[in-house]
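K.L.:
Here are the chains, one letter per residue:
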Amino acid sequence: MTAPVIEVRDLQTRLVTRWGTIEAVDGVSFSVAEGETLGLVGESGSGKSMTCLSILRLAPRPAARIVGGSVLLDGEELLTKSEREMQRIRGKKVAMILQDPMSSLNPVFSVGMQVREPLALHRGLSGRRLTERAIELLASVGIASPAARLGAFPHQLSGGMRQRVVGAMAIAAPPRLLIADEPTTSLDLTIQAQYLRLLKDLQTRHRLAMIFVTHNLGIVAKICDRVAVMYAGRIVEAGPVAAIFGAPAHPYTRLLLESVPKLGETTEWLTAIEGQPPDLAALPPGCAFAPRCPQAMDRCRADAPPEFVAGPAQTSRCWLQAPP
Amino acid sequence: MSLLEATDLTKHFPVRRGVLGRQVGLVRAVDSISFAIEAGQTLGLVGESGCGKTTTSRLILRVEAPTDGVIRFEGSALDGFDRDGLRWYRRSVQAVFQDPYASLDPRMRVGAIIGEPLVINERPSASALRERVSALLELVSLPARSRDLFPHEFSGGQRQRIAIARALALSPKLVVLDEPVSALDVSIRAQILNLLRDLQRRLGVSYLFISHDLAAVAHMSHTIAVMYLGKIVELGAAAEVARRPKHPYTQALFSAALPLRPGAGTDEIILAGEVPSPLDPPSGCRFHPRCPYAMEQCARDEPRLLPESGRLVACHLYPGA
Numbered sequence: 001m002t003a004p005v006i007e008v009r010d011l012q013t014r015l016v017t018r019w020g021t022i023e024a025v026d027g028v029s030f031s032v033a034e035g036e037t038l039g040l041v042g043e044s045g046s047g048k049s050m051t052c053l054s055i056l057r058l059a060p061r062p063a064a065r066i067v068g069g070s071v072l073l074d075g076e077e078l079l080t081k082s083e084r085e086m087q088r089i090r091g092k093k094v095a096m097i098l099q100d101p102m103s104s105l106n107p108v109f110s111v112g113m114q115v116r117e118p119l120a121l122h123r124g125l126s127g128r129r130l131t132e133r134a135i136e137l138l139a140s141v142g143i144a145s146p147a148a149r150l151g152a153f154p155h156q157l158s159g160g161m162r163q164r165v166v167g168a169m170a171i172a173a174p175p176r177l178l179i180a181d182e183p184t185t186s187l188d189l190t191i192q193a194q195y196l197r198l199l200k201d202l203q204t205r206h207r208l209a210m211i212f213v214t215h216n217l218g219i220v221a222k223i224c225d226r227v228a229v230m231y232a233g234r235i236v237e238a239g240p241v242a243a244i245f246g247a248p249a250h251p252y253t254r255l256l257l258e259s260v261p262k263l264g265e266t267t268e269w270l271t272a273i274e275g276q277p278p279d280l281a282a283l284p285p286g287c288a289f290a291p292r293c294p295q296a297m298d299r300c301r302a303d304a305p306p307e308f309v310a311g312p313a314q315t316s317r318c319w320l321q322a323p324p
Numbered sequence: 001m002s003l004l005e006a007t008d009l010t011k012h013f014p015v016r017r018g019v020l021g022r023q024v025g026l027v028r029a030v031d032s033i034s035f036a037i038e039a040g041q042t043l044g045l046v047g048e049s050g051c052g053k054t055t056t057s058r059l060i061l062r063v064e065a066p067t068d069g070v071i072r073f074e075g076s077a078l079d080g081f082d083r084d085g086l087r088w089y090r091r092s093v094q095a096v097f098q099d100p101y102a103s104l105d106p107r108m109r110v111g112a113i114i115g116e117p118l119v120i121n122e123r124p125s126a127s128a129l130r131e132r133v134s135a136l137l138e139l140v141s142l143p144a145r146s147r148d149l150f151p152h153e154f155s156g157g158q159r160q161r162i163a164i165a166r167a168l169a170l171s172p173k174l175v176v177l178d179e180p181v182s183a184l185d186v187s188i189r190a191q192i193l194n195l196l197r198d199l200q201r202r203l204g205v206s207y208l209f210i211s212h213d214l215a216a217v218a219h220m221s222h223t224i225a226v227m228y229l230g231k232i233v234e235l236g237a238a239a240e241v242a243r244r245p246k247h248p249y250t251q252a253l254f255s256a257a258l259p260l261r262p263g264a265g266t267d268e269i270i271l272a273g274e275v276p277s278p279l280d281p282p283s284g285c286r287f288h289p290r291c292p293y294a295m296e297q298c299a300r301d302e303p304r305l306l307p308e309s310g311r312l313v314a315c316h317l318y319p320g321a
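So the protein sequences, as listed, match chains A and U.
Residue numbering for the first sequence is 1 to 324, as defined by my numbering.
Residue numbering for the second sequence is 1 to 321, as defined by my numbering.
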């Protein structure tokens, strides 16, 4: 097996909020190899976006502080890099696509200028070569008549087209790692299908390692190789997609999979997860999911479960998997 | 008799420019659609943004008046209603919207939010109001003490319960649910969908369920109407439409809905291009520029909604009955 492109070990990001200090990312570890896609799944507040921002050292300061762990990109520690060094890494080695394309695009610059910028910066292109490459890049993300589109402004494009432009900028370098944070949530279904296929194509072409952040389990089933399920700042279950969907070990994963209505299946009632999402500022001692877990035992309410082996390459933070 | 029947319902929005407000175009948001909502049942409305599903719901809520066509409620046409008639209609048709953070007044206590429709329409005594609000809170499984709290003290799922309680305050016959779970956390959605279904059982209320989540629509609905650019392209029993879609657009839409099993749904149909502007919809069948089966005829003649395999389909692939 090849060395991982990105290796996150025991990452801890603390957030100071009005309601107190919370562990937004609490001991998260994972790695992603070349050409591999890791799905980072969780609900709002589970820490999936904060994990990605921490990798890029873009977690909002001063509220957020990375207090521990290690982030290795091709073996190089990112957490000790200076801001200047990080600027050279962002966009060049690690690129990110966000949910709302308008938050990545500058409304007052043309598409052409915005696509040229990373090419000039990371590839050192200029003049005619730069424009040619920008056109190639737009064509590679499936934008029709790319040369004509160079002069267009973001507001003249549809949501799907904007997200394609963001995709073009992201792969300009091309990077080693692509972080996609809910990139299709704002897109319509048929456009989402187009965009997912595009991302997969780009990944294959450039052998990108990809972290795909989403709350949509269908997307995970479709495009990810491995999946890490987050709950209240921790990865509660991780493993190959087929294993997790086939035999989820953690009750949260299992309930999450069961609670989603499935096409072609008629069930009277959906399996609902009782209770409300956790309040990170007032987490219970022990397992954070225990208050909502139908299988919770006394032990769950007292001690936080460590990571147990739940199958080949599958781990679960649940006392149910504790070896006897 | 259906609870609500829409016949050739049409809504065009003029596009005006300049100081004189000259009309320069016409958005055909909803273009001659017909459907019915049965008592105690759910009609699911699916389609992508701009297909006219929200305009349809606004026409039903009577926020907009239709350009053409008729809506009949319990047999009588809405156009014929006087003030009192419309008042009665608006009590009978309520709505729950997508974002419970936007649809609840942050400065009102939950008891006042839920009680407001009662206060306006029925002027109950203070004790009667208290009782009704308590009953409504219980109906949506919120603790009685919720009445004295403010919306910000609740999570998204609980807020949506408050919005549902308010919608049910006047015992409506129809509730328009416009993306009722899309803004909620995944683990909460099933709770709310179960609650809505349970309430339908207990109260016999009808729903118009609008969502882009096809699996949720298929789960909740008795009948599904698929819209594309202001037109209904397929209309039929939910199980039939979801399992064996006939219109090429419905087929593409349902194949784009993501399976929950890795490796499943490999025969997906990826449509080229995007939804054209409703300002200038394509000639003939509005779907023909994106349709993998488009024929010559499709660009010329607009297909009519005709019976095909136990549902209605508007497509030239099916010669119709």
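Mixed in with the good hints there might be a few duds.
[Stated by the list, open to error] Stretch by stretch, here's where chain U covers chain A in the computed footprint (C-beta under 8 Å, at least three residues):
1) 85 to 93
2) 108 to 114
[As the list claims (entries may be wrong)] DEER-style ranges, computed between Cβ atoms:
3) U:Arg244 x A:Val16: 50 to 58 Å
4) A:Ser103 x U:Asp105: 25 to 33 Å
5) U:Arg300 x A:Ser103: 52 to 60 Å
6) A:Leu320 x U:Ser141: 27 to 35 Å
7) A:Met102 x U:Pro276: 18 to 26 Å
[Said to hold, decoys possible] Facing chain U, a subset of chain A residues (Cβ under 8 Å, in silico):
8) Ser44
9) Gly75
10) Ser82
11) Thr266
No wet-lab data here; the hints were simulated from the structure.
Computed from a predicted model, the values in this text were never measured in an experiment.
Here a beta-carbon is modelled for each residue, glycine too, at the ideal position from N, C-alpha and C.
K.L.:
State for each hint whether it applies.
P.N.:
We went through each hint and held it up to the structure:
For the stretch 85 to 93 of chain A, the proposed coverage by chain U is not satisfied: 0 residues have a C-beta within less than 8 Å of a C-beta in that chain, short of the threshold of three. Only residues whose C-beta sits within less than 8 Å of a C-beta in chain U count toward coverage, and the stretch 108 to 114 of chain A has 0 of them, not enough to reach three; the restraint is violated. Between Arg244 (chain U) and Val16 (chain A) the beta carbon distance is about 55 Å. The supplied range of 50 to 58 Å therefore holds. Between Ser103 (chain A) and Asp105 (chain U) the CB atoms are about 29 Å apart, so this pair conforms to the stated range of 25 to 33 Å.
Taken as a hint, the range 52 to 60 Å is violated for the pair Arg300 (chain U) and Ser103 (chain A), whose Cβ atoms sit roughly 43 Å apart. Distance hint for Leu320 (chain A) and Ser141 (chain U): a CB-CB separation of about 28 Å, consistent with the stated range 27 to 35 Å. At about 22 Å, the CB distance of Met102 (chain A) to Pro276 (chain U) agrees with the hint of 18 to 26 Å. For Ser44 (chain A), the shortest C-beta to C-beta distance to chain U is roughly 6 Å, which falls under 8 Å, so the interface hint holds.
Taking 8 Å as the C-beta contact cut-off toward chain U, the hint placing Gly75 (chain A) at the interface is violated, the least distance being around 31 Å. A cut of 8 Å between beta carbons decides the hint on Ser82 (chain A): the least distance to chain U is about 38 Å, and the hint is violated. Because the closest C-beta pair between Thr266 (chain A) and chain U is about 7 Å apart, less than 8 Å, the hint holds.
Figure legend: structure checked against the earlier numbered hints; hints not met, in rising order: 1, 2, 5, 9, 10.
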